[in-house]
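Line by line, the protein sequences give chains A and B.
Position 48 of the first sequence, counted from 1, bears residue number 48 in my numbering, the numbering being contiguous throughout.
Position 349 of the second sequence, counted from 1, bears residue number 349 in my numbering, the numbering being contiguous throughout.
It is worth saying that the hints were derived from the structure and are not from the lab.
Think of the CB as a built atom: it goes at the ideal place given N, C-alpha and C, for glycine as much as any other residue.
It is possible that part of the hints are untrue.
[To be verified] Facing chain B, according to a computed beta carbon distance under 7 Å, are these residues of chain A, among others: (1) SER15; (2) LEU34; (3) ASP36; (4) GLU37; (5) GLY40; (6) MET45; (7) ASN48; (8) TYR76.
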Amino acid sequence: MLLISCPWCGPRAESEFSCGGEAHIARPLDTDALSDEQWGDYLFMRKNPKGLHREQWLHAAGCRRWFNAERHTVSYNFTKFYKPGENPDAAPSAGAAA
Amino acid sequence: MSNFSIFALARNAMSYHENWQKQWRSPAPKASYDAIIVGGGGHGLATAYYLAKEHGMRNIAVVERGWLGGGNTARNTTIVRSNYLWDDATHLYEKALQLWEGLSQDLNYNTMFSQRGVMNVGHSLQDMRDIERRVNANRLNGVDGVVLTPAQIKAMVPIMNTSSSLRYPVMGASFQPRAGVARHDAIAWGFARAADRLGVDIIQNCEVIGVQRQGDQVVGIETTRGVIKSKKIGVVAAGHSSVIADMAGIRLPLESHPLQALVSEPMKPILHTVVMSNAIHAYASQSDKGDLVIGAGIDSYVGYGQRGSFPVIEHTLQAICELFPIFRRVRMNRQWGGIVDVAPDACPIISKTHIKGLYFNCGWGTGGFKATPGSGWVMAHTIAQDRPHALNAAFELNRFNTGHLIDEHGAAGVAH
Numbered sequence: 001m002l003l004i005s006c007p008w009c010g011p012r013a014e015s016e017f018s019c020g021g022e023a024h025i026a027r028p029l030d031t032d033a034l035s036d037e038q039w040g041d042y043l044f045m046r047k048n049p050k051g052l053h054r055e056q057w058l059h060a061a062g063c064r065r066w067f068n069a070e071r072h073t074v075s076y077n078f079t080k081f082y083k084p085g086e087n088p089d090a091a092p093s094a095g096a097a098a
Numbered sequence: 001m002s003n004f005s006i007f008a009l010a011r012n013a014m015s016y017h018e019n020w021q022k023q024w025r026s027p028a029p030k031a032s033y034d035a036i037i038v039g040g041g042g043h044g045l046a047t048a049y050y051l052a053k054e055h056g057m058r059n060i061a062v063v064e065r066g067w068l069g070g071g072n073t074a075r076n077t078t079i080v081r082s083n084y085l086w087d088d089a090t091h092l093y094e095k096a097l098q099l100w101e102g103l104s105q106d107l108n109y110n111t112m113f114s115q116r117g118v119m120n121v122g123h124s125l126q127d128m129r130d131i132e133r134r135v136n137a138n139r140l141n142g143v144d145g146v147v148l149t150p151a152q153i154k155a156m157v158p159i160m161n162t163s164s165s166l167r168y169p170v171m172g173a174s175f176q177p178r179a180g181v182a183r184h185d186a187i188a189w190g191f192a193r194a195a196d197r198l199g200v201d202i203i204q205n206c207e208v209i210g211v212q213r214q215g216d217q218v219v220g221i222e223t224t225r226g227v228i229k230s231k232k233i234g235v236v237a238a239g240h241s242s243v244i245a246d247m248a249g250i251r252l253p254l255e256s257h258p259l260q261a262l263v264s265e266p267m268k269p270i271l272h273t274v275v276m277s278n279a280i281h282a283y284a285s286q287s288d289k290g291d292l293v294i295g296a297g298i299d300s301y302v303g304y305g306q307r308g309s310f311p312v313i314e315h316t317l318q319a320i321c322e323l324f325p326i327f328r329r330v331r332m333n334r335q336w337g338g339i340v341d342v343a344p345d346a347c348p349i350i351s352k353t354h355i356k357g358l359y360f361n362c363g364w365g366t367g368g369f370k371a372t373p374g375s376g377w378v379m380a381h382t383i384a385q386d387r388p389h390a391l392n393a394a395f396e397l398n399r400f401n402t403g404h405l406i407d408e409h410g411a412a413g414v415a416h
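Based on the provided sequences and hints, a complete structural model is requested.
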């Protein structure tokens, strides 16, 4: 069971959360000008890295707010938790935040 | 290399089975090949076998970073069926099922393919409407299937709780009699041995660390055992497809998730078919050894660690215990996870890419085992002819640009 630190509620069990997949995928603004390839890339293509991954989480059975996390996809260790809009590179590491 | 037969068995019994030949060679990689398959699981080995058998190519290598069939080939619940909803998917999986039916003879290897039927249980009126629609679609496509009532289910599987007091009562099921299970190891080993006999070099402990290109043409791979040149490279790397694609500068619409399964202690025969339920998310069969083989769902997050999370096990076993109250006291023996590459439409990608000579066979997600021979068969055609076969033309990578997705979540969502 993962221990996930909601930036608003603190550390809670994995079963309270649902994962929203890769974070920081911005919807293109110039939608009229997009090619089918660019639309496909935005909608479907994913980084899916073997290593550090920034992803969205929802504290579904808690405060019901979204936040972002950085997690290693092999060890599953969380390295950062940060609120939407916050700069992940400026966020403290997970050890310090908890 | 000698054939396996009853006579070979008797002959080797005389020498206490100490003189069986190795089933395949372990050659050092050559400097170049006509084609290289990256990934020595069932799909990759099947691809190499059909390249050699159907397309006359002999100078082929299969490179595998671990050992043969040590990934998802050994980590699934061995269910084989073809009762998908949409025509494109049904035709592909039905081709695979037809290959399964002759596979033991073809490979001279006992795949222990047992057509004991697969039952997909419905728990709501909408489930039953979907089941009836899917069975009708199957029959129009020449795939066998019937809709069962709860009384018929009870007659077939007396241990299933079909009482109306269940939280999610059993309201009926679809049943495909030709579906069943097979022996997972035998698929990898059978394809490896048959491919090796046709001259395919199977190279284990050889991890790909780079893909070499000249312009828009692929020219080779860098591996932990040196550079191997080839102008045709088929990547059949399942959960690690995105990792290889990243080396080649290609983006794939895949996310890799851990998918879990578990087996119980062995018991006397009690469950003679495969029972699956999409709605309550559980499926079970009993292996010839006697242990229950139980499949769970995927973890919701991207993961490459070959293990699963406890909440998923708990969720699955709740459903199994509800459906089969007699199993409540059964102890579980082992649990494991495999990394499945899930595409947005739960359908595979068997495709050329914008790099010449680089082909991908991935995205099988939670249901690749059943397709192993068919997957290799169409992938071999795609590589040899440099164009997809009619059976996989709809499964090109560019469907994510055209929007022609094949939404099989209804038939593939849980079912493996």
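These are the hints, each one checked on the structure:
Hint status for SER15(A) relative to chain B: holds, with the closest Cβ pair at about 5 Å, below 7 Å. Contact between LEU34(A) and chain B, as hinted, is not supported at the beta carbon level, the nearest pair being about 11 Å apart and thus beyond 7 Å. Annotation: interface hint on ASP36(A) holds; nearest CB of chain B at approximately 4 Å, less than 7 Å. Because the beta carbon of GLU37(A) sits about 5 Å from the nearest beta carbon in chain B, less than 7 Å, this interface hint is met.
Annotation: interface hint on GLY40(A) holds; nearest CB of chain B at approximately 4 Å, less than 7 Å. Interface restraint check for MET45(A): the shortest CB-CB distance to chain B comes to about 4 Å, inside 7 Å, so the restraint holds. Because the closest C-beta pair between ASN48(A) and chain B is about 4 Å apart, less than 7 Å, the hint holds. Contact between TYR76(A) and chain B, as hinted, is supported at the beta carbon level, the nearest pair being about 6 Å apart and thus within 7 Å.
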